[in-house]
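Engineer: One line per chain: the protein sequences are G and L, in this order.
Each residue of the first sequence is one higher than the last, beginning at 1 in the working numbering.
Each residue of the second sequence is one higher than the last, beginning at 1001 in the working numbering.
In short, the hints are calculated from the structure, not lab data.
Keep in mind the model is a prediction, meaning the values are calculated, not measured.
By construction, the Cβ of each residue, glycine as well, lies at the ideal position given by its N, Cα and C atoms.
Treat each hint with caution, since some may be false.
[As the list claims (entries may be wrong)] Label-pair restraints from in silico Cβ distances: (1) L/E1158 / G/L121: 20 to 30 Å; (2) G/H339 / L/L1143: 55 to 65 Å; (3) G/D146 / L/R1172: 45 to 55 Å.
[Claimed, not checked] Reference listing, derived: stretches of chain G covered by chain L, where coverage requires no fewer than 3 residues with Cβ under 8 Å from a Cβ of chain L: (4) 114-125; (5) 130-144; (6) 307-315.
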Amino acid sequence: MMNGLFHGLSRNVIVVQYIGLVTVTLATLIGFQVTFGNVLTGANLEVLAMNMVFEGIMALGMTFVIIMGGIDLSVASVYAFAEILVAKLMVQAGFPIAAAILITLIACSCLGALNGTLIVLFRVHPLIITMGILLTLRGINLAITDGHSVSGFSDEFLFLGQGKVFGVNLPIIFFGLAAAILGVLLANHRYFRQLYFIGGGERAARLSGVSVSRVKITIYMLSASLAGCAGVMAAAKYGAAHWAHGNLAELKAIAAVAIGGANINGGSGTIAGTVLGVIFLAVVHNAFVTSAVNPFWYDVVSGLMLLVAVSLSRFIALRNARAMLGLKQSKMDQLAAIHQH
Amino acid sequence: MSYDLLVAIGMTIVLIVRGIDLSVGSVMALSSVTMALLMRGDVPVLLALAAGLIVALFCGLVNGLLVVKGGILPFLVTLGMMSVARGLATVVTTGQYISFPSAPPWFSQFGRFEFRIEIGGTSYGLPLILLIGLAFVAITSLLLAYWTPFRSFFFVGESPEAARLSGMNVDRIMITAYLLSALFVWFTALLLTSANKIGYANYGIGAELRALAAAVVGGASLAGGAGSIFGAFLGVLMLALIGNGFVMLNGNPNWQQASVGVVLIAAVGIDALRTYRDRR
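Could you build all of it, start to finish, from the sequences and the hints given here?
Structural biologist: Laid out in structure tokens, this is it:
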């Protein structure tokens, strides 16, 4: 019963947060629409969505990693690496599109496996390993392209990033589908429920028979593969691959997950929350563009939003913990009262 | 290399108290830009330098307060600060170089000053900033080894709980570490601005990673309680030699960035091997 109560309570807190997030997002949209009058047009909404969709896809993978109590900073350079690799394979090595994409995705998941293996092997904070990979891979990206961009794709490949199905851009459809599938899996599938155990207490999870190492490596592979998918589509969208693409994308992905209510120390978070976080970031970014404020402010605001979001998620986690303690205490009081009778 | 050295000293101190400071590079840019803008506006040099110091210390204070009082993971706090400070520096300069032609010449000279030493008829230059860096290595090493307030960084990093129970003001000590890091960052910004004669919003990109790599190579542990300034010095030296090696061997200098990441991972791996027996 205690568990049921606790779940109800924590769900309530989360729902309140979601409603707050949706309200703020809508308020921003409507406020800018009223002031500037060019926000809620089809063209602008498309720009709005396309601006954040690649970070959004990375944020989906980041959600899994953060729930597990990890962090993956390397997504930004995996994304750029995927762009460059798929471009080089097609343009310089002459591979057919499908083969190039397949090889790229396999290479990206191998990078994820490398992340996971090093983290499991060295038992240091994932921050350091993924930062090392971020740096190494960015250096490699720079070195293999000499700082130039790679372009000259076929029209069929460009369709992946620029094409539309039923009037919706393909990357957005991919984001929606991936979010739906991963969301359902995360909420219901046994394998992904393990992530919450690991994030809540790794030692306890290990002792109760979860093969923590294997799950960790798999999840880092998932995160890197999603970043790879984003990279392939980004190459198609921009029509060129460049090593500096996706700089600071990891920051936006983490911010989206934190704004979506995940506990940054692991143990909680949902795909729905992350999607809301991504939409929120996209709307704020768009507000900067439409209001013609100096776009340099955007870095300042995205940093501030990360700090606010993380403080908020920390605050909610503390409140949940306190409520849990209170429940425990009242339960114990009840038991004591029963014993006295 | 001297610039990296100063930042690495600050980073080591933060690592010792179980923290991490990813904002060093951007705070460096923000501080440099502040000083340059004020000097361009004919503010007296010392006043401008003080303003740069205040900006840096303020960033350090916010970092420390959010980590200690807010209970947020240090890397997230400083990651946010990294974005905010870099953004602010770009906003106030709109990404342009800020020169200060009216500043007194001594300011733009001391960053490039070299002592000339005659050995066997050849004249060698010994840059002042290198001497300053080495002096700071010596001073902070000695302080960390012998001075009680600095010794307490180790106790706090080893076990904050135990330090608190034995009556230390853990919160204040942790915030002090972030402030010290900011102090070194300000000094680096000062030297950079003086040597290049410009303030620029893109100073110090990647500085946090080089400093982190150097500190970890030098024996600092992310779990806190360990770290050595002299080790960090050797780490900086090693990264500089690798960078120099690429140039000397006519290698592609673009690989140099990748080498920092590999060194970082290798250092962590070696650290893992070294403590492998303790963990069993």
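Engineer: Tell me, in ascending order, the numbers of any earlier hints that this structure violates.
Structural biologist: none
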